[in-house]
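> The chain contents come next:
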Amino acid sequence: MATVIAAPSAPGGPEGSVVEVIGRPDQHRKRMARLGWMFTTPALIFIGAVTLFPIGFAVLLSFENVNVTGSGFQLNGLTTANYSLVFGNSTWHYALAFTLGFTFVTVVIELVLGTMIALVLERLTRGRGWMMALLLIPWSLITVISAKLWAYIYDPTFGIADSILHGLGLGDPTILGTNAGAIIGMIIAEVWKTTPFVAIIVLAGLVMLPQEIYEAADVDGASGWTTFWRVTFPLLRPTLALAVLFRVLQAFGLFDLPFVLTQGGPGHATTSLAVLGYDAMFQNLEFGPGSAVATTTALLVVMGCMLFLKVFKAQVGEEDL
Amino acid sequence: MRKRKRTGWRRYVNGITISTTVTVLFVTLPLYLMLASSFKGAKGIGSAAFYPKDFSTSNYNNAFSQYTFARYILNSVLIAVITTALVLFLSTMAGYALGRLPMRAKLPVMVALLMISVFPAIAVIAPLFLLMKTIHWLNSYQALIVPYTAFNLPFAIWIMRNYMLGIPKEMEETSRIDGAGPLRTLWSIVLPQAKPGLFTAGIFTFTACWTEFLMALSFNSDNNFRTIPVGTALFGSPFTIPYGTIFAASMVAVVPIAILVLIFRKSVVSGLTAGAVKG
Chain Z
1 MATVIAAPSA PGGPEGSVVE VIGRPDQHRK RMARLGWMFT TPALIFIGAV TLFPIGFAVL
61 LSFENVNVTG SGFQLNGLTT ANYSLVFGNS TWHYALAFTL GFTFVTVVIE LVLGTMIALV
121 LERLTRGRGW MMALLLIPWS LITVISAKLW AYIYDPTFGI ADSILHGLGL GDPTILGTNA
181 GAIIGMIIAE VWKTTPFVAI IVLAGLVMLP QEIYEAADVD GASGWTTFWR VTFPLLRPTL
241 ALAVLFRVLQ AFGLFDLPFV LTQGGPGHAT TSLAVLGYDA MFQNLEFGPG SAVATTTALL
301 VVMGCMLFLK VFKAQVGEED L
Chain U
1001 MRKRKRTGWR RYVNGITIST TVTVLFVTLP LYLMLASSFK GAKGIGSAAF YPKDFSTSNY
1061 NNAFSQYTFA RYILNSVLIA VITTALVLFL STMAGYALGR LPMRAKLPVM VALLMISVFP
1121 AIAVIAPLFL LMKTIHWLNS YQALIVPYTA FNLPFAIWIM RNYMLGIPKE MEETSRIDGA
1181 GPLRTLWSIV LPQAKPGLFT AGIFTFTACW TEFLMALSFN SDNNFRTIPV GTALFGSPFT
1241 IPYGTIFAAS MVAVVPIAIL VLIFRKSVVS GLTAGAVKG
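Chains as they are written, first to last, in our numbering: chain Z, 1 to 321; chain U, 1001 to 1279.
Just chain U, with the same shape it has in the complex (with noise of 0.2 angstroms):
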């Protein structure tokens, strides 16, 4: 094998520290934009400039007077964690079967979860729309957590059968025999195992419901019931644009959910390459 030493600068410019720098600025430059306008005044604003050289809070006080952005961040908190909560019980419940007790028909159930989990929201929009229009439940809570906890069974139920498959079956069969039914052996001895799911399944729930728009669009299209992206969207008037705000409130929206992000990245990543490493 041939090693070529590297020596002074030339050790540390070579085309992996070129390439990744090139991957860092295109990843951080529109974010510290964000960043830096979220600061910008109201001049600042209508320039090209990449730091703000009129530094302000203003955009942050506006966010949260002129504007009902405290609202959006209630609705959303709101959605996203009973939505989340309930994701995780039912599909703790259904995985734990489907992974572990002695069904029938468990394949035609995963290959059907699986191909729900394909379709475009834009499907159900419309039906979604007259049967909550009949039932009055346009503009309410229970509009955005019911199908967003539908939309998200799927993926969760297959993350926690995969995890609780992994589980040896001996610690449940000597639970058993201790005299544990099924419920409690589930919850004191199959579900810690299945932690790193639980994560998983979580985080992905969180996200999807802290970004989803067009169900949020669709039905919550009262300002008292709007989330946080249809807040964002809708924020001024076609002709005045107030990026600032738009700017402040959206840092206050993504910080939190980078730093969840950033606190569980490695459930994430094993969510992300569940399909891929699971087939």
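Pulled out of the complex, with its shape left as it was, chain Z reads as follows (with noise of 0.2 angstroms):
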């Protein structure tokens, strides 16, 4: 609950001269701040209840041994055998491995295509609004739907990939059935549906550069390419920061399309850590191991997060955090 603030001395403090028509300031304050926590508190405990009760749950089960019965599940004692289980496990290494590598890969691809399409559309007179638009859908569009079209595409029998490939002179390659296929496979259905998301953000930060360093660097007679190394990539960096961060906090949570599109295989050759704590979980019903794979993954979300935090302030400074 809200403490009492000191109450100003003279009528006309933090609230203005309106203040002294409703009463005594600090009264009022203190009404108003009940209020302010009357407001929030249903919010907060929504949240409370779904997220931050269960994350306590689910670094308890981790440490537990769990067993799940036909109505409900029994905690038969602390352990810290799910975590050796899981340290100890090469699925796991390459999962971690696989989710870090597609994670940097898929990133920096979006990140570079992103950049193009947005400078592209910047300096695109008419139509903006439209490619804005048309860019917004593949953002809107469900993750499985996007998977199953590209299942469809890269079909071994009737893809249209595989007949392009085989058209030219590459040879009729089952492109989900090999380790490097599916990777790529993967890599190309997240590229798509994604890119369009950073190159909104991206363009969304050009557009609020300031023109005139534009004209002065075209008086000073820099090149485009110069231009853009030496006046725009410096200026847009805290948005191209901003959109790394999201892009990285929803490829570490990788689970739609390996779910969908190669089901993590070939054997576990897409199996991102969400995949396999689903699976530990619901698969062989191994709640305590999935929870020790779930709960690793969400700490290394946080801290990968703080760490991107920490050096984004030391890069652009305090004041817009």
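Just so you know, these hints were derived from the structure itself, not from any lab.
Errors might be hidden in some of the hints.
[As the list claims (entries may be wrong)] No more than 25 angstroms apart at the CA atoms, straight line, and that leaves these computed lysine to any residue pairs for SDA-like:
| id | chain 1 | residue 1 | chain 2 | residue 2 |
| --- | --- | --- | --- | --- |
| 1 | U | Lys1133 | Z | Pro138 |
| 2 | U | Lys1266 | Z | Pro138 |
| 3 | U | Lys1043 | Z | Lys30 |
| 4 | U | Lys1266 | Z | Val191 |
| 5 | Z | Lys310 | U | Val1109 |
| 6 | U | Lys1169 | U | Ile1189 |
| 7 | Z | Lys30 | U | Lys1133 |
[Stated by the list, open to error] If you want a taste of the chain Z side facing chain U, the calculated C-beta under 10 angstroms gives, among others:
| id | residue |
| --- | --- |
| 8 | Arg31 |
| 9 | Met38 |
| 10 | Phe73 |
| 11 | Gly77 |
| 12 | Leu78 |
| 13 | Leu121 |
| 14 | Thr143 |
| 15 | Glu212 |
| 16 | Pro234 |
| 17 | Val260 |
| 18 | Ala274 |
| 19 | Ser291 |
| 20 | Thr295 |
| 21 | Val302 |
| 22 | Met306 |
Predicted model only: the values in this text are computed from it and were never measured.
The beta carbon of each residue, even a glycine, is placed where N, CA and C say it ideally should be.
Two independent chains are provided; combine them into the complex using the hints.
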């Protein structure tokens, strides 16, 4: 609850002259603060009940010997076995490396492509609104549906990608049947769906840059390439950093695409951490180890996020945060 | 400044138009393929054709007669609409309080909300599943409405708060002097000004509910409570995937939300860039 805030000695405190009409400033302030908590509490209860409390429970589960029964579940005592099982498991090692690598590669490609698209759209004199609208469609598309669409494109017997590769004289590779093919195929599907998101964010950042700087660079005879690296890129860095943050956080929770497109296969080639955790829990009913996978994933996300904010703060200064 | 005058076809064929065309093709070709394939017949769906040689609408009939796709749409609509209403109501109140009322500990609350919003859903799947199993919430609407509301609230509160911060304080004070209570002030003075925020928070919540897969898959496995993404993912069997039906159903699921996003595209863009602008 809010505590009493030191009352200003003279009328016309922080609230301005109006407070005189309402009553004593400190009383009014106190009432308003209480009202504020009344307004905020329902939302906080909702969020706490579904996120904070379960996160705590997930940590507990990850240290428990969990038995799922027909009607509920039993906890059979504390153990660190879940973590030693996970940390010693080669599938987890692979899933961790795969998730990190996939996140890195897709985010770099999306950033480069997205920036290129944004630079082009910024110079577009007509139809920019329509292009923005077009870019929003992949963003709003259900990931499961786009995964099914790419599965159709990659189909070994009647897929378009297959017939294109065949036409190029590259034989008949079963794209999703090989490790490399499945990973590259998934990268393309992911890049297709999320590059527009990056492009929109970068475009919004570009539009806000002061035009005079470009004129100055032009007068100085700087080439387009020099202008981009010396002027645009440094000014755009905070925008790019935020686009990267959003994308990294999302890519790290990668689940829908591999679950539908490749089922994590062939073998474990496209098994992300989230797919591994889900499989452990819902295919094998191993909620203890599954929770250990989920908890370490969440911990990595939070650590990455904090590290990012620290670097970001150091780069752009504190005034924005 | 040098200005090159381009004449004839060179006026239209330049770097910008070529790049724009490539971008448009990159985005639309897969979407076009989905549309075209939804009209392919039994033979056409098994071919790598770019257009339906055996044009037929049987896929659309199948989605609603052979499969219970109507039920999935109903479930998705119900869950998304109720969640969006809840999120808008709760985030308006919280956003107003955090943006305009003299509370203490505002900053910690806002930072905590930000941290919660980055948490991956996989982290809460196991505990929520076990809790819902215990209180018999699995395979129900509330099994998704409650978590969706909680997961979408942090962003909505941030958006609402940012919009409310921008409203001039004088209007509120005038209303207060006129004797209006705080709820009345919020409803008739502040809320109309924060309308763009409501659109942004609303369209983001709705889209998130419409597309969410992991929780819907884990909590509602019963066919009667499946949402569109789960229904689509589990269509057919691993050996025969009825792509034609899937794409027909997908078109029905995608077109309304695409229209919604296009109508509210200004709100969507402002939401996407809220972080980039505000820091």
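> Against each hint, give a clear statement of whether it holds in the structure.
Hint by hint, here is what the structure shows:
Restraint check for lysine 1133 of chain U and proline 138 of chain Z: not satisfied, since their Cα atoms lie roughly 35 angstroms apart, outside the 25 angstroms limit. A C-alpha spacing of about 16 angstroms is found between lysine 1266 of chain U and proline 138 of chain Z, which places the hinted pair at or below 25 angstroms, so the restraint holds. Between lysine 1043 of chain U and lysine 30 of chain Z, the direct Cα distance comes to roughly 73 angstroms. Violation of the 25 angstroms bound is thereby established for this hinted pair. Straight-line distance between C-alpha atoms of lysine 1266 of chain U and valine 191 of chain Z comes to about 24 angstroms, which keeps the hinted pair within the 25 angstroms bound.
Note on lysine 310 of chain Z and valine 1109 of chain U: the hinted pairing holds, with a Cα-Cα distance of about 19 angstroms set against a maximum of 25 angstroms. A hinted pair counts as satisfied when its Cα atoms are at most 25 angstroms apart, and lysine 1169 of chain U with isoleucine 1189 of chain U qualifies at roughly 11 angstroms. Distance restraint check for lysine 30 of chain Z and lysine 1133 of chain U: the Cα-Cα separation of roughly 43 angstroms exceeds the 25 angstroms cut-off, and the hinted pair is therefore not satisfied. Below 10 angstroms, beta-carbon pairs count as interface contacts, and arginine 31 of chain Z has one with chain U at about 9 angstroms; its hint therefore holds.
A cut of 10 angstroms between beta carbons decides the hint on methionine 38 of chain Z: the least distance to chain U is about 8 angstroms, and the hint holds. The beta carbon of phenylalanine 73 of chain Z comes within 5 angstroms of a beta carbon in chain U, closer than 10 angstroms, and the hint placing it at the interface holds. For glycine 77 of chain Z, the interface hint is violated, the least distance from its beta-carbon to any beta-carbon of chain U being 16 angstroms, above 10 angstroms. Residue-level restraint check for leucine 78 of chain Z is violated (minimum Cβ-Cβ distance to chain U is 16 angstroms; threshold 10 angstroms).
Checking leucine 121 of chain Z against chain U: minimum C-beta separation of about 7 angstroms stays under 10 angstroms; hint holds. This hint holds: threonine 143 of chain Z has a C-beta 6 angstroms from the nearest C-beta of chain U, less than the 10 angstroms allowed. Taking 10 angstroms as the C-beta contact cut-off toward chain U, the hint placing glutamate 212 of chain Z at the interface is violated, the least distance being around 14 angstroms. Below 10 angstroms, beta-carbon pairs count as interface contacts, and proline 234 of chain Z has none with chain U, the closest being about 16 angstroms; its hint is therefore violated.
Proximity of valine 260 of chain Z to chain U holds as hinted, the smallest CB-CB distance being about 5 angstroms (cut-off 10 angstroms). Evaluation of the alanine 274 of chain Z hint against chain U yields a held restraint, the C-beta minimum of about 4 angstroms falling below 10 angstroms. With a cut of 10 angstroms, the hint placing serine 291 of chain Z at the interface with chain U holds, because the nearest CB-to-CB distance is about 5 angstroms. Look at threonine 295 of chain Z: its Cβ gets to within about 7 angstroms of chain U, closer than 10 angstroms, so that hint holds up.
Interface hint status for valine 302 of chain Z: upheld, as the beta-carbon distance to the closest one in chain U is roughly 7 angstroms, under 10 angstroms. With its C-beta approaching chain U no nearer than about 9 angstroms, methionine 306 of chain Z sits inside the 10 angstroms limit, and its interface hint holds.
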